[in-house]
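**Student:** Read off the chains here:
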Amino acid sequence: MISKKEVKHIAKLARLSLNKREILKMQQELSKILDYIEKLRKVDVSGVKPAPYSIQVENIMRNDEVKTVDPTIKKKILEQAPETKDGFVKVKSIIDKPWS
Amino acid sequence: MELTDLTISEIHNRLKKKEFSAKELCKAYLDRIEKEDKKIFSFLTVTKKLALSQAEKIDNLIAKREKLPILAGVPAAIKDIILVKDVRCTAGSKILENYTAIYDATVIKKLKTQGVVILGKTNLDEFAMGSSTENSAFFKTKNPHDLSRVPGGSSGGSAAAVAANLCTFALGTDTGGSIRQPASFCGIVGLKPTYGAVSRYGLIAFASSLDQIGPITKTVEDAKIVFDVIKGRDEMDSTSIGGGYDKGLGSPYRQVSKGYVTDKRYRNRLRNRQTLNNLRFGVPKEYFIEGMDPEVEEIIKEAIKKFETLGAKIEEISLPHTEYALPCYYIIAPSEASANLARYDAIRYGELKTQNSKVKTLIDYYFKIRGEGFGEEVRRRIMLGTYALSAGYYEAYYKRALKVRTLVKQDFEKAFQKVDLILTPVSPTPAFKLGERVLDPLKMYLSDIFTVPVNLAGLPAISIPAGKVKNKLPVGLQIIGQAFREEEIFKVASLFEEANL
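Line by line, the protein sequences are chains A and B. Under the working numbering, the letters of the first sequence match residues 1 to 100, in that order. Under the working numbering, the letters of the second sequence match residues 101 to 601, in that order.
Since the hints were derived computationally from the structure, they do not count as laboratory data. Every value quoted in this text rests on a predicted model; they were computed, and no experiment measured them. Every residue gets a Cβ at the ideal spot worked out from N, C-alpha and C, and that includes glycine. A hint or two may mislead.
Stated by the list, open to error - Covered stretches of chain A, as calculated for chain B (at least 3 residues, CB under 8 Å): (1) 4-18; (2) 23-34; (3) 55-61; (4) 64-72.
Take these sequences, add in the hints, and give me the full structure.
**Tutor:** Structure below.
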């Protein structure tokens, strides 16, 4: 069974706020699902290679070039952002107490 | 016969003969959506203006006697996780409630080039995570065969819309069964193509090593027509593959596949090949489990017998790692999802209506937005994936799951040395009641037990109607093929479809 402390830790890593009731519920549900997943321990996987993909995929690199964007598209992109300033997307302060 | 009952090739032929205009057809569907979707709730957004303007363009082509592509004027619905330029795309989530797509997904570009009329965007489980469409942040879609039941999921809106004649065909996505299971529950056809067959550029990602876009249609022929349009290599998706199809990769029925545009010839060719002689079908013994609905089992066994009467050779096969496929999937899919969904921070897009101005720092903003913006199932899967990938658990969970995936894949490879295709049920039960499984996530997961292995192995598979439980609830048969051999699946599925009429 996964502990409440672990649930809180995972929620923090995943950047999800959970209230007390949600933590308890998550603990119960995750425990049940993880019990089911435990089944995998019964499989002998010695010498088996992992398959991150079902087919063989190759990494394809593109050139790192600056491309110009149609200004109407730029406008549309910026319109989706909650906060913008001078044609940039605005982000909340990263440090707790701004130095202003 | 109503206009909204027609299949793609029927529409194509009748538009050419000017029996009706593309606009009349489009309006017939829009009217039907307005009347019927009050009961079904399959559309999240109806794109009336876009649809009418696209239909008008087709009517101009017809007036100028220009050659019509096969999908010209055909009204379609799109799962609301695939981007259509300048149309809202929610992924069924509050976090994207106000998001408008700024470009077309590659599949949409291809459909538009063909002259498809886009009627709107269909409901789904949030970020395609679910098996009943009840996880949509907006409303619950109903099964057209019984309004007290779910349409399946996650492409439940697309499947319900096709089954209720609210569109001619729809696009869905399938990560663990999300096209095939709702197609089975709604009594229609759904194809999950080979991994890499269809570009995913412009698809909102759930689990990138598993996701595929595919057609949901009324007939096998329609599924083939749509698949042929959307498949192929796309430089915007590095996992997409084109070459295999051009070369046919040894599909024995390639010659039959050509010429479907002239519908009659296609049908005649099929008719000339009336048996499945010399084709070997495997039936995996692990797919007939305890707890399976006895009527579903009966219908599937009858369907298998029908294949035998059509000349097929049926063999029992074993896919020994079947019982490990679902737990394997529930590590891999949430792990990939937890990484894919890390991008939703409501900074570049995705403002919430309830946004709190009291939040000052970036980290608090993340917690708040993601805590409020994601629904329960999405949060559960992000948590599960984050756990499986976290320090100390990575080897025990994620890495082990990837190894089990290899074994699941090898099961299929071994089976395909003996047989050409595999027949299985799509789901252990017909459509269940709304609300019946929402409180028990694990029980919900089990409805994908027969579809998930196919995604892990990257294979193509179709769900086609096989019969009905209590003469009411549809049950689908799954035909699994070898990678890149969709053609063969279409061929045998068509023969079964004709024999099962």
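**Student:** Are there hints from earlier that the structure breaks, and if so, what are their numbers?
**Tutor:** 4
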